[in-house]
Amino acid sequence: MGGGSITTVSKNEFRKRDLFYVVPMWLLSLVLPNPVPHRKREFQKRDLIYLAILVVLPLLWRDFHFHHLMVLAGMNAISALGLSLFLGYTGQISLGHAAFFGAGAYTTALLTTQQGFPSLLAFIISAAVSASFAYVIGKPILKLKGYFLALATLGFGEIFLVIVRETPGLTGGVVGISGIPWFTFAGIVFDTYLKQYYLIWGVLIGLLIFSKNIVRSRMGRAFLAVSASEDAASTVGIPVAQTKLKAFVMSAAFAGFGGSLFASVMATASPESFSLNLSILIVMMVILGGMGNLYGPIAGAIFLTWLTDVLAGFQEYSLPLYGMIFILLLIFFPEGIGTRLGFRIVYLISYWAKKRRREKGKIE
Amino acid sequence: MPETTFDNIRLCMLKEAVRERGTMKKNNRSLIVILLPFLFCFTWATPAYVAGKAPYKIGVNLEMTGPWGEVNKIVRNTLLMEVEKINGTGGIGGRPLQLLIEDNGFDLNRAAANMTKFSRDKEVIAVIGPFEDNFQATTRAIAEREKITNIIICPSNPKVRALKQKWSFNIAQNDIIVSEKLVDLCLARNYKKILVFPAQIPLAQSLADYFKQFGEAKGMKVIVSKETHLNTDIDMTPQLIKLKPILEQEKVDAFYACTGGPPGGVICKNIRSLGIKTPILGTHAFGFGFFISLGGEATEGVEFPAGKPVVNPEQLDEGDPVRPVITDLNNRLKARYGTGADQISGHAYDAIGLLHASLKRSGDKATRSQLRDSLENTKGFPGCMGIYNYSPTNHDGLTKKDLIFIRIEGQKFTRVKFPGFE
Amino acid sequence: MSLLTLAEVTKRYEGVQALNRVSLQIEKGTIKGLIGPNGSGKSTLFHLISGMERPDSGRIFFREKEITSLDPHKIALMGLGRTFQTIQPLGNMTAVDNILTGMDRRLRGGLLSCGFWLPRIKRSEREALKEAKGILEFVGLLGRWEWPASQLSFGEQKMLDLGRAIALRPELLLLDEPAAGLPPAEVDALSKRILKLREDGMTIFLVEHRMEMVMEIADEIAAFHHGEVIAEGSPDEVRRNDRVIETYTKGKKTHA
Amino acid sequence: MTSWAYIPQLLITGVTIGAIYALVAIGFVTIARASQIINFAQGEFVMLGGVITFVLLNKGFLPYPVAALLAVLIVILIGFSLHRLVIHPLRKASLLIILMATLGASFFMSSTSNLVFGSLPKSLPPFSGSEAFHVWGISILPQSLWVFLATSLLLILLYLLSHRTFIGKAMEASSTDPMGADLVGISRDLMLLMAFGVSAGVGAIAGILITPIFYTSYNSGTLLGLKGFVAAVLGGWGKPSGAILGGFVLGILESAGIAFIPSGYKDGVAFGILLLILYFRPKGILGSPFVDSRRW
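Residue numbers (this note's numbering), protein chains in the order written: chain A, 1 to 364; chain W, 1001 to 1422; chain X, 2001 to 2256; chain F, 3001 to 3296.
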């Protein structure tokens, strides 16, 4: 069966242009990893390389604007990672994750400013609060499919905003809560961007390992099975509704972690930070990273955060440009940048391999 | 074994690739999409100066997009115009000013990111903006941390101003003096009972609170309604219907539409279409052309306190030190952009003017801290909005004297004076 | 009492009488074949047994417990596996993961214990992997163990479905036309596998169009027509039953 | 003063805004019937209708009717190009991608309108007289009557279009039985293009109708669009009659609800209704032809 595909490939003429494409593609495919979602989901050597890069890079490139960007990207990446478990693996749409993000942020804000909780405790409680929200919401909602699920979650996000605005006694209303103390842990105050970078990316790596374990265990298989075919899943004894709910709650907990970090890094929490745009952004990160792999969302988060920062220089043109790029990315990379490029590269490499082999054949 | 598995995977991907072949042509184009951002990096838009010495860079962090986009464009244009003027006259000791303008898309993260971007660049000695209150909270915090002057061009709410502000200065008239001025207006008109209809924006809420506080101190009865409205509400009729009975029963003398942006005009329109004749009071945020065009004739007779640029300069008294400044700015804006001066362009003018003045004072080798100190020593600087006096304890430049009463007559802002209240 | 018992099961879609008072029994350790022309309600029967649909009336017992209106996954957990007429491979997973999914019922561990990758999870996963490879070998897919299921050929995907159902280690296995669309060689291999499963003590309920195969392997056969059992008994009895003959001589015209 | 006393006046506003919701909902349904996708950019058509008319009127100095007509045509063209540039390339893409693409399109349209026409709110002069007349203590704007009149005319027109003309029948066919439509040679792509044109036009007219009463600014479209969708689901997703009913019901509920809850929760009401209806009766008041299909 390999032979068939090879012949079909060699029909496709080799173009000189491919030489120019392959280099940036190769670079990008290093950044946007794991082209094949259904590849074996164990840890690999390249993970160590990523880790090393993450640890060393901020020390080499001592530019705190870069650190700050990575901090922002990390916060988004945490919730994107959570969403990818729900969207990429379980195959359910959610446009309401900004609400869970916000719930986490507000919980931390309240606990640290008014109750004087230690940051770490507030951090954990925030995730718990978001998760319990998700449980209450998800139990009724998750029986919906496709568009209706998307709309229901979207509606939940809007309602969350309305409630936040309408309870100024608790959440400070539209003014929001400011003056949230820095994240403090074991006597270390995370006040500089470098420290915050290590804090957030440390949390992110922890969550990444956690979700990687989930994905390579029976839970992950259950998620994937539900997204592939609910009938087949239920005939091997996987409770579909329960599995969806688990995925939803877990992704909400991740978003809660992200929100809590957001509150203690930005030192403020106000409603318009958690609007529909954030939900869309998070979903976009997952899509660009490629559904059903765990590095994708992180890469997507870095990419989009950096993109918006670059666009800022274009003043009033920034948002229209952003919208245009948004649509173009969707049209050209509907299954994630990494995926497309991965296929493209392997196609080219194998083409060259084939070519060389053919030439060898001629010589002998 | 791994070898073979890799081959398998590669074959699978190959098949995928072949399945994709239909879309391969797109795929070539896809490269453009990848490289688009890269290209942006290189086509970075920064005005180049051929001046001999290195320029003083000033970061401008504005919501060029989003709800305040058009307003911020006015700020941007005024800043550019002023900077060209200053550089035309040799800048500061031969050092020109240079603006680095960044958009924050009405997004907290991006506002903060821009702030750090500026404070990282050692040549940037001050940052102007952002506009929205809740972003100021964050940028002020960054300013304190990175030790860079942050000039706030929009009145910000007390919660934000309560924060430690060694490095941030307020240009605009703050909500306290506006509320005091409005109380004066009520006393002059001798309104005894006022119904306040606050918007759900931080500014409006603090305005309502201060108005209640000062008004009741002066023995007025101030009712702040439970009903509120959002900045995005396109129809206030439902809320107003609920307020109508209160207006009638309580014999309210005046209705205070405590809001900013679009809702102002809508409220006037809706309240008149409900057949309510109660006089309407407004905030200084009413002092923009779009308010009248939005409200139509419903805005007749609306009164509010605002900065002096709202009315055209002829209506200001002779001998008012602010008058020539406004006239000059007004003419130059008209000549260049076709629109006259208003409060926003006034803020922009004052921001750059104050920077210019204090930079002159601290010479052509100013550091960030020197600039800050000389800003704090600003005394009696005549700007568009009024006379600025800063001190280490007071970072709000303006006072009540810098506001005037304005009444809308014949679809025009006309100044009204009351004996005893100037 | 026998392993599976259907009592007077009736199902009708709007207008159409899919099943009419069907009563069947399957003894433990036997292979029961179910034959009948298209649209005679065989697949509907499977859907009812495996809980995908609910009968209008009648009751279904499995291992002396009533499963008439249970959720599909509960029935599966009781040890009833099935394959589908239209194959449903989990295309977003590798072949071995498909099998492992089938073994989900016997693996333990919730979100947290999986997330923290506790030793016991690690151990059970390792054992499961070993067993899964065994099952793949049994269905003849060991060479493709790491392939995405979506990349396998039709026959391989059918075998994968079978493997997933076996991995459940069910007491009763419902096979919905396992041989449909397979080349003859693979059909023989398939029937060998089914017999092997029976030797391992699995009970099998088989819907099939290929008479010769059913006649060869089944211990007992029920013939279906218009949602009714028209004959039941050993292959020879059913082959000689004249209602079956006339049904099939009518049927023969439509499909060979 | 009991809350009930407000009700009559609130009903008037409810019906007015309800008519607009109905028009937006119709737009959604038209596209959903041609091919089962939701166009989240629907609300932006409304916004563009108002804004472009404003610009033509004040900067182009055209007479009111000409400006309105021209605006509608321009928005229809925008609708076509939305289909050609975004939906058509994605016709094979998954549901999620199309969803995100339309959201991105809505984002792009609003931000571009912000760039081109400015972010300040825009209001049109009423068609006839801004002086409200009062009946039994209820004040009614002439424009409200215009809205009601025009909406009903438009709905009748749409009914005729969909039931009396070939295009309407073809659209019907291509939605109910795509395969069959392909077989008899109806180009579904073309039908979808038509649907986008129609819904864009309807949206634009809605925008022109409300702008004199309320106002239009670059970001007022999104919320209208979402509420229009809520209306469509409420009435019965995929049924034009349901969309109309849902529009009015939602409008009335929303403004009548104000009488009993603080007005800040106004936007919450619509989405609360959405959640309830999705949970308890996903097929809406009048029932829906689509709910059982796997996309919903």
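It is possible that some hints are incorrect.
What the hints assert, rightly or not - Keeping only pairs whose Cα atoms sit at most 30 Å apart, straight-line, the calculated DSSO-like set for lysine-lysine is:
1) W:Lys1334 x A:Lys195
2) F:Lys3283 x X:Lys2074
3) A:Lys145 x X:Lys2130
4) W:Lys1417 x A:Lys195
5) A:Lys212 x X:Lys2130
6) X:Lys2065 x X:Lys2130
7) W:Lys1360 x W:Lys1412
8) W:Lys1417 x W:Lys1334
For the record, the hints were derived by calculation from the structure and aren't laboratory data.
Looking back at the numbered hints, which does the structure fail to meet, lowest number first?
1, 3, 4, 6 and 7
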